Amino acid sequence: MKILVIEDEPQLLQSIQESLEKEQYVVATASDYPEALEKVFVYTYDCILLDIMLPHGNGLTLLEELKKAGKSENVIIISAKDALEDKLSGLALGADDYLTKPFHLAELNARVKAVLRRKEQQGKQLVSVANTSLDLEERLCWVHEQLLELNRKEFDVLHYFLLNKNRLISKTALAEHVWGDHADQSDNFDFVYYQIKNLRKKLQEAGADILITAVYGIGYKLVIS
1 MKILVIEDEP QLLQSIQESL EKEQYVVATA SDYPEALEKV FVYTYDCILL
51 DIMLPHGNGL TLLEELKKAG KSENVIIISA KDALEDKLSG LALGADDYLT
101 KPFHLAELNA RVKAVLRRKE QQGKQLVSVA NTSLDLEERL CWVHEQLLEL
151 NRKEFDVLHY FLLNKNRLIS KTALAEHVWG DHADQSDNFD FVYYQIKNLR
201 KKLQEAGADI LITAVYGIGY KLVIS
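Here the sequence shown stands for residues 1 to 225, numbered as in full-length UniProt numbering.
Please keep in mind that the hints were generated in silico from the structure rather than gathered at the bench.
Just so you know, not all the hints are guaranteed correct.
[Unchecked claim] List of simulated lysine-lysine pairs, DSS-like, C-alpha gap at most 27 Å:
1. Lys-101 <-> Lys-153
2. Lys-101 <-> Lys-22
3. Lys-165 <-> Lys-68
4. Lys-22 <-> Lys-113
5. Lys-153 <-> Lys-22
6. Lys-39 <-> Lys-68
Because the structure is a prediction, the values reported are computed rather than measured.
Please model the complete structure; the sequences and the hints are all you need to start from.
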């Protein structure tokens with residue numbers, strides 16, 4: 001799961017990031033409106049934590065842009081402003097929840113989990129393609145109803161492919177979604193290649209009816225074999 005935290009207070013931003021990373025989320029950050037706007041339209045996130053008052057812009061304006069673009073990321077507003085008008089405006093624009101500062105990080109984590117649980121696959125915790133299924137709550141994988149052991153990154157990679165069946169996925173997009181924003185600083189994507197290689201082997205040995213095919217020079221595509 002990848003989360004974008006949009007917050008201009010450096011200390012709070014760091015605290016939220018560290019707390020979420022302890023929960024095994026991939027966390028990206030933005031500290032002003034232009035940076036946030038760029039990231040929400042370049043990458044895809046499972047959840048966005050959004051401060052209303054931002055340098056050079058407003059969080060509600062960002063929500064409007066997301067709504068216009070038809071993007072369906074789960075959004076939790078985190079703001080020092082507790083006025084009913086702001087809360088109703090945010091919810092009307094598509095926000096899923098509203099948390100007023102100051103708050104306990106444990107409460108924030110609980111809100112994030114609740115939003116993801118409600119929205120993930122429209123409330124479904126099972127993602128299936130052909131004879132391969134993922135239980136997102138327990139982080140388990142089955143092939144032919146037999147449990148297949150995957151490490152955390154393999155699970156996240158497979159989840160991303162299952163959600164994008166038959167779609168061409170670039171190496172960059174895959175790296176950013178699973179490994180975070182820092183992935184684009186790498187000189188190459190060998191780490192992606194090796195994860196795909198290991199995942200392919202496990203799926204093949206388990207008799208999976210899905211296949212991750214390579215598209216030379218671009219990326220990968222998951223198809224039903």
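A quick look at each hint next to the structure:
1. Lys-101 <-> Lys-153: Violated, at about 33 Å.
2. Lys-101 <-> Lys-22: holds (21 Å)
3. Lys-165 <-> Lys-68: Judged against 27 Å, a Cα distance of about 25 Å means the pair holds.
4. Lys-22 <-> Lys-113: Roughly 13 Å separates the two Cα atoms, so the pair holds.
5. Lys-153 <-> Lys-22: holds (15 Å)
6. Lys-39 <-> Lys-68: holds (16 Å)
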